[in-house]
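All chains, please: the whole structure from these sequences, using the hints.
Each chain is listed here by its residues.
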Amino acid sequence: MNAAINTVDPAEVAKFEAMAAEWWDPAGKFKPLHMMNPCRLDYITAQIADRYGRDLGGPLPFKGLRILDIGCGGGLLSEPMARLGADVIGADAAAGNIPVAQVHAKQSELEIDYRHTTAEALAEAGEAFDVVLNMEVVEHVADPLAYLVACRQLLTPGGIMLCSTINRNPKSYLMTIVGAEYVMRWLPVGTHEWDKFITPDELFDLMRNAGLDPMDRNGFVFNPLSWGWSLSDRDLSVNYVTTSRRPG
Amino acid sequence: MKPADSDMGILKHGLQYPFWRHTMEYDIIIIGAGPAGLSFARSMADSGLKIVLIEKSSKKVLANPPYDGREIALTHLSHKLMNGLGMWQLIPDGQHFKIRDAKVLNGDSDYSLNFDHRDTGKDNLGFMVANNVIRKVAYQSLQGFDNVTILTEKEVLKIGTEASHGWVDLSDGNRLEAKLLVAADSRFSTTRRMMGISTSMLDFGRTCIVCTMDAELSHDDTAVEIFHYDRTLAILPLSNNQVSVVVTLKSDNSDDVLAMDKADFAADIMGRAGDQFGKLSLTSKLFAYPLVATFAKSFHKPRFAVIGDAAVGMHPVTAHGFNLGLQGADTLAKEIKRAISLGQDFATSTALQQYSTIHRRASLPIYHGTNAVVRLFTTDTPPARVARDVLLHLGNFITPAKNLIMERLTEEKATRQDM
Ligand SMILES: Cc1cc2nc3c(=O)[nH]c(=O)nc-3n(C[C@H](O)[C@H](O)[C@H](O)COP(=O)(O)OP(=O)(O)OC[C@H]3O[C@@H](n4cnc5c(N)ncnc54)[C@H](O)[C@@H]3O)c2cc1C
Numbered sequence: 001m002n003a004a005i006n007t008v009d010p011a012e013v014a015k016f017e018a019m020a021a022e023w024w025d026p027a028g029k030f031k032p033l034h035m036m037n038p039c040r041l042d043y044i045t046a047q048i049a050d051r052y053g054r055d056l057g058g059p060l061p062f063k064g065l066r067i068l069d070i071g072c073g074g075g076l077l078s079e080p081m082a083r084l085g086a087d088v089i090g091a092d093a094a095a096g097n098i099p100v101a102q103v104h105a106k107q108s109e110l111e112i113d114y115r116h117t118t119a120e121a122l123a124e125a126g127e128a129f130d131v132v133l134n135m136e137v138v139e140h141v142a143d144p145l146a147y148l149v150a151c152r153q154l155l156t157p158g159g160i161m162l163c164s165t166i167n168r169n170p171k172s173y174l175m176t177i178v179g180a181e182y183v184m185r186w187l188p189v190g191t192h193e194w195d196k197f198i199t200p201d202e203l204f205d206l207m208r209n210a211g212l213d214p215m216d217r218n219g220f221v222f223n224p225l226s227w228g229w230s231l232s233d234r235d236l237s238v239n240y241v242t243t244s245r246r247p248g
Numbered sequence: 001m002k003p004a005d006s007d008m009g010i011l012k013h014g015l016q017y018p019f020w021r022h023t024m025e026y027d028i029i030i031i032g033a034g035p036a037g038l039s040f041a042r043s044m045a046d047s048g049l050k051i052v053l054i055e056k057s058s059k060k061v062l063a064n065p066p067y068d069g070r071e072i073a074l075t076h077l078s079h080k081l082m083n084g085l086g087m088w089q090l091i092p093d094g095q096h097f098k099i100r101d102a103k104v105l106n107g108d109s110d111y112s113l114n115f116d117h118r119d120t121g122k123d124n125l126g127f128m129v130a131n132n133v134i135r136k137v138a139y140q141s142l143q144g145f146d147n148v149t150i151l152t153e154k155e156v157l158k159i160g161t162e163a164s165h166g167w168v169d170l171s172d173g174n175r176l177e178a179k180l181l182v183a184a185d186s187r188f189s190t191t192r193r194m195m196g197i198s199t200s201m202l203d204f205g206r207t208c209i210v211c212t213m214d215a216e217l218s219h220d221d222t223a224v225e226i227f228h229y230d231r232t233l234a235i236l237p238l239s240n241n242q243v244s245v246v247v248t249l250k251s252d253n254s255d256d257v258l259a260m261d262k263a264d265f266a267a268d269i270m271g272r273a274g275d276q277f278g279k280l281s282l283t284s285k286l287f288a289y290p291l292v293a294t295f296a297k298s299f300h301k302p303r304f305a306v307i308g309d310a311a312v313g314m315h316p317v318t319a320h321g322f323n324l325g326l327q328g329a330d331t332l333a334k335e336i337k338r339a340i341s342l343g344q345d346f347a348t349s350t351a352l353q354q355y356s357t358i359h360r361r362a363s364l365p366i367y368h369g370t371n372a373v374v375r376l377f378t379t380d381t382p383p384a385r386v387a388r389d390v391l392l393h394l395g396n397f398i399t400p401a402k403n404l405i406m407e408r409l410t411e412e413k414a415t416r417q418d419m
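Quick note, the sequences are listed as chains A and B, same order. Position 173 of the first sequence, counted from 1, bears residue number 173 in the working numbering, the numbering being contiguous throughout. Position 335 of the second sequence, counted from 1, bears residue number 335 in the working numbering, the numbering being contiguous throughout.
Derived by calculation from the structure, the hints in this document are not laboratory data. We put the CB at the ideal spot given by N, CA and C, even for glycine. Incorrect hints may appear among the rest.
Residues from chain B that face chain A, not an exhaustive set, calculated with beta carbons under 8 Å [unchecked claim]:
1) T350
2) Q353
3) T357
To give an idea of the chain B side of the interface with chain A (calculated C-beta under 8 Å), a few residues [claimed, not checked]:
4) E153
5) L157
6) K158
7) T161
8) A163
9) S281
10) S284
11) G343
12) Q344
13) S349
Listed next, the in silico DSSO-like pairs over lysine-lysine satisfying Cα-Cα at most 27 Å (straight line) [claimed, not checked]:
14) K50/B x K301/B
15) K50/B x K63/A
16) K80/B x K31/A
17) K63/A x K179/B
18) K56/B x K279/B
19) K15/A x K301/B
20) K56/B x K179/B
21) K334/B x K31/A
22) K29/A x K56/B
23) K196/A x K31/A
24) K80/B x K29/A
25) K63/A x K337/B
26) K56/B x K297/B
27) K80/B x K334/B
28) K15/A x K337/B
29) K31/A x K337/B
30) K29/A x K179/B
31) K29/A x K337/B
This is the structure we're talking about:
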């Protein structure tokens with residue numbers, strides 16, 4: 001553990017710290033993600049609590065649960081999960097994110113196992129989790145079905161996967177590519193490829209083909225009046241999140 | 001949460017990260033145990049977080065605050081919030097009063113803008129409680145919470161934040177650290193300034209003189225506000241025959257008024273109030289407050305938030321100050337608790353930003369609206385006099401505008417629904 005951080009020199013560490021500060025600045029470069037995070041966490045924590053009968057009002061409600069955060073980035077989801085008591089592995093295919101996330105976890109006094117790896121590699125290594133967080137990843141992978149199969153293999157029987165992505169329709173094109181990338185400059189241009197977006201029905205089909213039981217889906221809806229995100233069980237037109245379960 | 005590994009390779013390179021392994025004594029430091037600081041502490045007390053309040057005055061003063069002449073008009077939302085915090089229940093019988101109706105008069109004209117409680121579906125428009133009683137019950141409501149400490153007779157001299165924590169230097173030479181610092185140290189907040197938050201200030205050049213008086217005739221639980229061209233007079237209902245009198249006048253005239261003897265002062269007020277209260281006689285000393293409205297340009301920074309008058313210091317004429325303070329404290333507490341329940345770091349996540357957005361949206365229109373009213377009603381030019389006369393007449397007919405004012409008094413929900 002912490003292999004990456006132990007082998008870097010102090011100048012590198014300072015650089016990672018600066019990058020971590022950037023990742024974690026709610027008003028900074030990743031502001032859209034921070035704004036969406038409470039809403040994502042609302043859904044995630046409620047689904048996990050529901051599946052494992054945990055009381056979110058109590059201390060360390062996720063104690064004893066093993067959670068994998070795929071595409072962990074700076075740790076925006078890994079840290080909350082660890083703070084709620086879970087044993088967390090954060091995986092990211094971008095090597096540069098790992099030391100950044102590690103530096104920040106240290107600052108937060110949290111123990112999180114961050115690894116530069118992929119879902120497929122972890123599945124091959126025989127890792128198993130009670131919960132797999134698969135948030136805003138599937139629209140970026142080359143072969144969604146193969147990827148979801150790996151995610152299923154990573155779940156203990158009965159374990160759940162939370163998967164969010166972006167719907168494919170003219171509105172989502174306008175909002176996420178034209179709006180977020182070109183107009184608001186919230187995201188770098190080219191972050192998304194529209195033809196990789198997946199409709200909720202397609203995603204449910206993919207999940208079934210991957211051996212997962214789809215259980216629930218909800219939209220993340222941006223309200224320009226309150227300038228915040230909320231969950232909707234009707235409006236899945238742009239960003240949406242799903243829960244599925246490995247049978248057993 | 002688990003402590004992180006301590007055997008870090010980078011420490012061997014001589015880099016110092018003292019804060020990484022620092023165990024903080026407190027989660028939240030609140031600067032100022034005024035009504036806002038105490039209410040916020042009470043709102044957070046059930047979270048189990050370790051909270052410390054730092055206050056210049058003594059414990060004796062907090063436990064038994066002296067009467068300061070301020071009689072606070074409270075909205076139904078404040079009533080509900082204080083109930084929820086277990087504060088209202090601590091107010092002794094006979095120390096909270098009702099404002100049933102209200103009327104506004106322009107000078108000596110008989111015409112008045114009337115606010116009738118029957119239009120609101122409530123028994124009354126609002127409530128009256130003395131400021132020292134609010135402070136007392138707010139302090140009492142914290143008894144029994146072991147996680148809340150109050151350090152008295154200590155002043156915060158310096159304040160700052162780092163990536164991992166915030167700190168304050170106290171007048172006793174100690175430094176305290178916490179995840180979050182909350183400034184509730186009045187509209188002239190020095191910690192807000194030290195944190196580099198600029199604040200717009202509007203000095204009205206006026207002084208508010210407050211006192212209580214005995215009225216010969218019943219006040220009918222009605223608040224009366226009378227705008228004369230050079231001063232404003234508010235008469236607010238307390239117990240059966242007691243009223244709170246609030247005189248707003250140019251500061252260069254205030255010394256003369258403060259120097260009046262009791263009988264002259266009473267005669268002056270009677271002359272301005274008309275005959276509706278009969279004979280009025282002074283029952284307290286006169287208290288003077290300079291009128292300066294303030295609005296902080298930002299309500300938060302990472303690991304720092306401002307609440308109460310330190311966020312929004314209102315002109316008292318529309319009686320919003322503590323009502324907004326209480327609402328803001330409630331908003332901040334809710335956002336922090338939400339962040340905690342989601343496993344977020346409440347001091348650096350979007351929680352503070354959310355508080356800021358919600359509370360600014362709730363207070364900014366009221367702040368500017370109040371200042372505009374104050375300007376209109378204290379401008380001596382004939383056009384302004386005509387304008388306010390028209391406004392008062394229109395007010396009675398334009399029901400939407402009036403209902404809006406009354407709804408604000410009687411609504412029990414914060415302006416924005418919980419997410
Ligand atoms: C005449 C008048 C009438 C009013 N009428 C109404 C009304 O009808 N309705 C209404 O809602 N509001 C009213 N208000 C407003 C209301 O009184 C204020 O909004 C309220 O008192 C603000 O509370 P606070 O806790 O923010 O600040 P304060 O009451 O100013 O308390 C600040 C506290 O911080 C402490 N402090 C300051 N600096 C430091 C430091 N460096 N270190 C340690 N401690 C420090 C002080 O000792 C004090 O205890 C009125 C105000 C006035 C003047």
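Hint check results:
{"no.": "1", "hint": "T350", "in the structure": "5 Å, holds"}
{"no.": "2", "hint": "Q353", "in the structure": "6 Å, holds"}
{"no.": "3", "hint": "T357", "in the structure": "6 Å, holds"}
{"no.": "4", "hint": "E153", "in the structure": "33 Å, violated"}
{"no.": "5", "hint": "L157", "in the structure": "27 Å, violated"}
{"no.": "6", "hint": "K158", "in the structure": "23 Å, violated"}
{"no.": "7", "hint": "T161", "in the structure": "13 Å, violated"}
{"no.": "8", "hint": "A163", "in the structure": "6 Å, holds"}
{"no.": "9", "hint": "S281", "in the structure": "52 Å, violated"}
{"no.": "10", "hint": "S284", "in the structure": "45 Å, violated"}
{"no.": "11", "hint": "G343", "in the structure": "3 Å, holds"}
{"no.": "12", "hint": "Q344", "in the structure": "5 Å, holds"}
{"no.": "13", "hint": "S349", "in the structure": "6 Å, holds"}
{"no.": "14", "hint": "K50/B x K301/B", "in the structure": "21 Å, holds"}
{"no.": "15", "hint": "K50/B x K63/A", "in the structure": "22 Å, holds"}
{"no.": "16", "hint": "K80/B x K31/A", "in the structure": "35 Å, violated"}
{"no.": "17", "hint": "K63/A x K179/B", "in the structure": "23 Å, holds"}
{"no.": "18", "hint": "K56/B x K279/B", "in the structure": "41 Å, violated"}
{"no.": "19", "hint": "K15/A x K301/B", "in the structure": "23 Å, holds"}
{"no.": "20", "hint": "K56/B x K179/B", "in the structure": "22 Å, holds"}
{"no.": "21", "hint": "K334/B x K31/A", "in the structure": "21 Å, holds"}
{"no.": "22", "hint": "K29/A x K56/B", "in the structure": "40 Å, violated"}
{"no.": "23", "hint": "K196/A x K31/A", "in the structure": "24 Å, holds"}
{"no.": "24", "hint": "K80/B x K29/A", "in the structure": "40 Å, violated"}
{"no.": "25", "hint": "K63/A x K337/B", "in the structure": "20 Å, holds"}
{"no.": "26", "hint": "K56/B x K297/B", "in the structure": "26 Å, holds"}
{"no.": "27", "hint": "K80/B x K334/B", "in the structure": "15 Å, holds"}
{"no.": "28", "hint": "K15/A x K337/B", "in the structure": "33 Å, violated"}
{"no.": "29", "hint": "K31/A x K337/B", "in the structure": "21 Å, holds"}
{"no.": "30", "hint": "K29/A x K179/B", "in the structure": "23 Å, holds"}
{"no.": "31", "hint": "K29/A x K337/B", "in the structure": "25 Å, holds"}
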